[in-house]
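Line by line, the protein sequences give chains A and B.
Letter 174 of the first sequence, counting from 1, is numbered 174 in our numbering, and no numbers are missing.
Numbering-wise, our numbering comes out as the position in the second sequence, counting from 1, plus 1000.
If you're looking for bench data, these hints aren't it; they were derived computationally from the structure.
Every clue listed holds true.
Label-pair distances were calculated between CB atoms; the ranges are:
(1) B:R1015 to A:L276: 51 to 57 Å
(2) B:A1073 to A:R151: 49 to 55 Å
(3) B:V1102 to A:F145: 24 to 30 Å
(4) B:L1044 to A:T96: 33 to 39 Å
Ideal Cβ placement from N, Cα and C applies to all residues, glycine included.
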Amino acid sequence: MTPLGFTLIVLGISYAAGLLGSLVGVGGGIIVVPALTLLLGVSIQKAIAASIISVIATSSGAASAYVRERVANLRLAMFLEMATVAGALTGAYAATIVGGRWLFVIFGVVLTYTAWSMSRPKRTDAGPVPDDPWADRLRLHSSYFDRALGREVPYRVARSKLGLAVSYLAGAVSGLLGIGGGVLKVPVMNLAMGIPIKACTATSNFMIGVTAATSAAVYFMRGEVQPFVAAPVAIGVLLGAKCGARLMGRLPGHLIRAVFVAVLVVSAGQMLWKGLR
Amino acid sequence: MKGAGRDSPAELSRRVEVVISEILAWGVLASLALLGTGTLLSFLGSHDYGAGRGTSADLARLVRPGAAFPRSARWLVPAVAHGNGQAIIVAGLVLLIATPVVRVAVSVLAFALEGDRRYTIITTIVLLLLLLSLALGKGG
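Go ahead and model the full structure; you've got the sequences and the hints to work with.
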């Protein structure tokens, strides 16, 4: 393969990853890292470093639209960012200790968990949530305009302390694996914290930019971000995410979810196979 | 503080939201332009990417582990001015990493102006952690 061929293939894969990623509130890294390592033979460390850059791009690109359309809950995002950013620092440092094989295994486990948690049968978004004094004090409750329903959807936020803990974990996994971490946050924000799925994905996306910038800074300063790989990944994901942000809110949530789960299952099997073989 | 902070934030928050949205959009757009231009120049102008007639040996060199690049400002600024493709890509990467940092800094300012102590502290913590990551990454 020539450098040009490689660049074009990476561009195409990244475009697809960015599109799907932004629709479900993840950074696209969860698809980019398996694709770069499994399909193109890039080392997992380099794939992770390129991916975390693309994650900033996806998040910032899509979040800009979500913020303008008032789907993202900014206060909630900024509150939880304290935990995701601290986690990202932890993860980026853990990455120096963990070897390549284990990165494949951990990646596979995270993919598997995500597929399982997102394909579970779930209660409706509008279920009652317990009172949360923290959420009251921090004014985390909000509403968003749902384009599919054509009306404002109000919601109350619950279990903010659990959200903080899960956000730390999501940030650590993000820094370690070069993914957004939305896959860990979104199910908890949706099911435990009582936030409607569209507001979850938008808010998660918004937080991921800051989270990824934290670990990307560590990777960059260490010299692990390779411009040749990172540039086409970031460009592809950016363009895909822009397209996804435009489609979001017009597509049925369950269809997006089903496609997402299918991609996760395939990637999970391959990553585990590569790490445990 | 409780009563005063309750209704005024809505309007200011809306303006802040617009500013944040613009920062993200322009930061991403500008870095996209830099990454694209840099990649194009790397293929066209220099030998870095095999000048458009690259071989698989060029590819192996480009993706080999440990292929580090200079990242100091002392290298970056003149190299960008010279039209070095890889340097322009690196500038795009730096801008992309900086975009969320600027967004958080603006949030700190906005909450401080709003007189929302709680969220000024929250966003300041986020900003300090971000800056810490840059400082720590340099040492590691």
